[in-house]
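Number of protein chains: 2
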Amino acid sequence: MAKIIESIPNISEGRNQEVIEACVDQIRNTPGCTLLDYSSDETHNRSVITYMGSPEACEEASVKLAKKAVELIDLTKHEGGHPRMGCVDVMPFVPLKDVTVEECVELSKRVGERIAAEADLPVFLYEDSATAKHRQNLAKIRKGQFEGMAEKVKEEKWCPDFGGARIHPTGGVVAVGARPPLIAFNINLATDNVEIAKKIANIIREVKGGFKCVKAMGLLLEERNVAQVSINMTNYSITPLHRVLELVRREAARYGVNVIGTEVIGLAPMRAFLDAAEYYLQIEDFDPDNQVIENHLL
Amino acid sequence: MAKIIESIPNISEGRNQEVIEACVDQIRNTPGCTLLDYSSDETHNRSVITYMGSPEACEEASVKLAKKAVELIDLTKHEGGHPRMGCVDVMPFVPLKDVTVEECVELSKRVGERIAAEADLPVFLYEDSATAKHRQNLAKIRKGQFEGMAEKVKEEKWCPDFGGARIHPTGGVVAVGARPPLIAFNINLATDNVEIAKKIANIIREVKGGFKCVKAMGLLLEERNVAQVSINMTNYSITPLHRVLELVRREAARYGVNVIGTEVIGLAPMRAFLDAAEYYLQIEDFDPDNQVIENHLL
Numbered sequence: 006m007a008k009i010i011e012s013i014p015n016i017s018e019g020r021n022q023e024v025i026e027a028c029v030d031q032i033r034n035t036p037g038c039t040l041l042d043y044s045s046d047e048t049h050n051r052s053v054i055t056y057m058g059s060p061e062a063c064e065e066a067s068v069k070l071a072k073k074a075v076e077l078i079d080l081t082k083h084e085g086g087h088p089r090m091g092c093v094d095v096m097p098f099v100p101l102k103d104v105t106v107e108e109c110v111e112l113s114k115r116v117g118e119r120i121a122a123e124a125d126l127p128v129f130l131y132e133d134s135a136t137a138k139h140r141q142n143l144a145k146i147r148k149g150q151f152e153g154m155a156e157k158v159k160e161e162k163w164c165p166d167f168g169g170a171r172i173h174p175t176g177g178v179v180a181v182g183a184r185p186p187l188i189a190f191n192i193n194l195a196t197d198n199v200e201i202a203k204k205i206a207n208i209i210r211e212v213k214g215g216f217k218c219v220k221a222m223g224l225l226l227e228e229r230n231v232a233q234v235s236i237n238m239t240n241y242s243i244t245p246l247h248r249v250l251e252l253v254r255r256e257a258a259r260y261g262v263n264v265i266g267t268e269v270i271g272l273a274p275m276r277a278f279l280d281a282a283e284y285y286l287q288i289e290d291f292d293p294d295n296q297v298i299e300n301h302l303l
Numbered sequence: 006m007a008k009i010i011e012s013i014p015n016i017s018e019g020r021n022q023e024v025i026e027a028c029v030d031q032i033r034n035t036p037g038c039t040l041l042d043y044s045s046d047e048t049h050n051r052s053v054i055t056y057m058g059s060p061e062a063c064e065e066a067s068v069k070l071a072k073k074a075v076e077l078i079d080l081t082k083h084e085g086g087h088p089r090m091g092c093v094d095v096m097p098f099v100p101l102k103d104v105t106v107e108e109c110v111e112l113s114k115r116v117g118e119r120i121a122a123e124a125d126l127p128v129f130l131y132e133d134s135a136t137a138k139h140r141q142n143l144a145k146i147r148k149g150q151f152e153g154m155a156e157k158v159k160e161e162k163w164c165p166d167f168g169g170a171r172i173h174p175t176g177g178v179v180a181v182g183a184r185p186p187l188i189a190f191n192i193n194l195a196t197d198n199v200e201i202a203k204k205i206a207n208i209i210r211e212v213k214g215g216f217k218c219v220k221a222m223g224l225l226l227e228e229r230n231v232a233q234v235s236i237n238m239t240n241y242s243i244t245p246l247h248r249v250l251e252l253v254r255r256e257a258a259r260y261g262v263n264v265i266g267t268e269v270i271g272l273a274p275m276r277a278f279l280d281a282a283e284y285y286l287q288i289e290d291f292d293p294d295n296q297v298i299e300n301h302l303l
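Protein chains in written order, with the numbering used here: chain X, 6 to 303; chain A, 6 to 303.
Errors might be hidden in some of the hints.
[Stated by the list, open to error] Derived DEER-like restraints, expressed as beta-carbon distance ranges:
{"id": "1", "chain 1": "A", "residue 1": "L303", "chain 2": "X", "residue 2": "E26", "range": "49 to 57 angstroms"}
{"id": "2", "chain 1": "A", "residue 1": "E251", "chain 2": "X", "residue 2": "D294", "range": "26 to 34 angstroms"}
{"id": "3", "chain 1": "X", "residue 1": "A195", "chain 2": "A", "residue 2": "A7", "range": "38 to 46 angstroms"}
{"id": "4", "chain 1": "A", "residue 1": "R171", "chain 2": "X", "residue 2": "S242", "range": "54 to 62 angstroms"}
In case anyone wonders, no lab produced these hints; they're calculated from the structure.
Keep in mind the model is a prediction, meaning the values are calculated, not measured.
Heads up, the beta-carbon is just placed ideally off N, CA and C, and yes, glycines get one too.
Whole structure, please, built from the sequences with the hints as guidance.
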């Protein structure tokens, strides 16, 4: 069985196509890696690259990408709507097939060490790779952003894991870590009242006492005039899609509002959908590894 | 992309382990084939073998299996509860990956011709491979069974497609054909009243005017004292699982009865479950080929 890891590096460039393509080429040109998707946001001035490969191929591609990004991206001149602290801002590794989270943690440590040594970029280990509880959350690590990072890393609790208590003068610092697959799941309501979406978001969010591994906010989809509960599911095996949707349906009904549809943004693992099918179809003793034909092909 | 076909040959032996293993060995020993499952029913005196492979590997395995079966299985001495007409009774070919039904039809014709020539077994093409409408349905071809087949094949409308208007004296005749994946889907009701299951089965069955590509019967699961609607879904892309389940739920409610669970027997394609997830999760613009990560690994 071949081990396969997914990686979704974010680079701090969303406007200059030459720079973006030169970075994406580092994935394209690494044997054993398959580029799945990449997309750029000009307002955020940021690009997201999605690829998969063997642990060895992901390690090579990660180091090559960091070297290319530090060469081409200068954060002293970077403007954009999205918080950022490095030329490559974050590099998550997600177990896809025949790989454990622990193996992704090991990979992230090898990558972090090499990026510090070979690209001269200090590295924070985050999420499941974090070396302390206060360093798990990316937003907390990134707080202060590139501009504040040179000072922040001098504090002992914010010293990078690799590369020393410093930043690269133009490239900043990078977060590298293992995490479970994240699913972006949005639920659209049959109302233009964004307050209802916000109330429901607060009910389901972990930080407000809702479901574990659920981040959510309410917003208005202007083009459709539809209120949306926008959700990040950070571990669908702990809180599955159907449980969130059923609660949102129930809470929306309290306002006389139906769910008109949902959106799964980007990629998600087969298992997340199989879990929903098993729940709604009420399948007894379901064994996806054996009963789903395609699992014998993987 | 590798072409992969599933085949589910049924042999008329469910008791003699040596014979069964010798037949299954023909799959095991064919390079390019993966044995997924095999199971025997002593009452039916019949075994079902499930495997997958490239079109070329399936062709080789099919011919080898027919030769072994005609060597070891003597239908003049066969007794069992299941209708049968051949030592290998039926050989369906199902498109799994990067293969069309038309390619499975072509494969079935090559296999049929070779089985007639190399195993001396006359062959009927059935289902999507049938050469006339009245020869699509396996039950109609098999009517009269082994004992009546020598006479039946003398009628022009029942002359085998390959091997002449005759049967093999001990091996009978074989049906070979292409068909979509079949899903065995049972729905268990919160009642021991089998009449309710029978009434619902009659509502959903195609032959009684119900859903296209749905075969169903009502029965009592004696070990659990539960009435069951037992269903064969012969084309889930025409009639999906969720549509059948929702109608059964609705009809059962008319008797004040709930669905307590369902069973998917054996293997089913990922897409059948993704369709259910898409429906129940109300996903807009779902694109499984791109959005389900595993589809990039296949």
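Open item on the list: Holds or violated: the 54 to 62 angstroms window for the beta-carbon distance between R171/A and S242/X?
Closed with: With Cβ atoms ~59 angstroms apart, the hint holds.
- [ ] Could you say whether the range 26 to 34 angstroms given as a hint is met by the Cβ separation of E251/A and D294/X?
- [x] The hinted range 26 to 34 angstroms holds for E251/A and D294/X, with Cβ atoms some 27 angstroms apart.
Task: Whether the CB-CB distance between A195/X and A7/A falls inside 38 to 46 angstroms - done: Cβ of A195/X to Cβ of A7/A: about 45 angstroms, so the range 38 to 46 angstroms holds.
TODO: Go ahead and decide if the range 49 to 57 angstroms is satisfied by the Cβ distance of L303/A to E26/X.
DONE: 28 angstroms, violated
In summary, the one numbered hint that this structure violates is 1.
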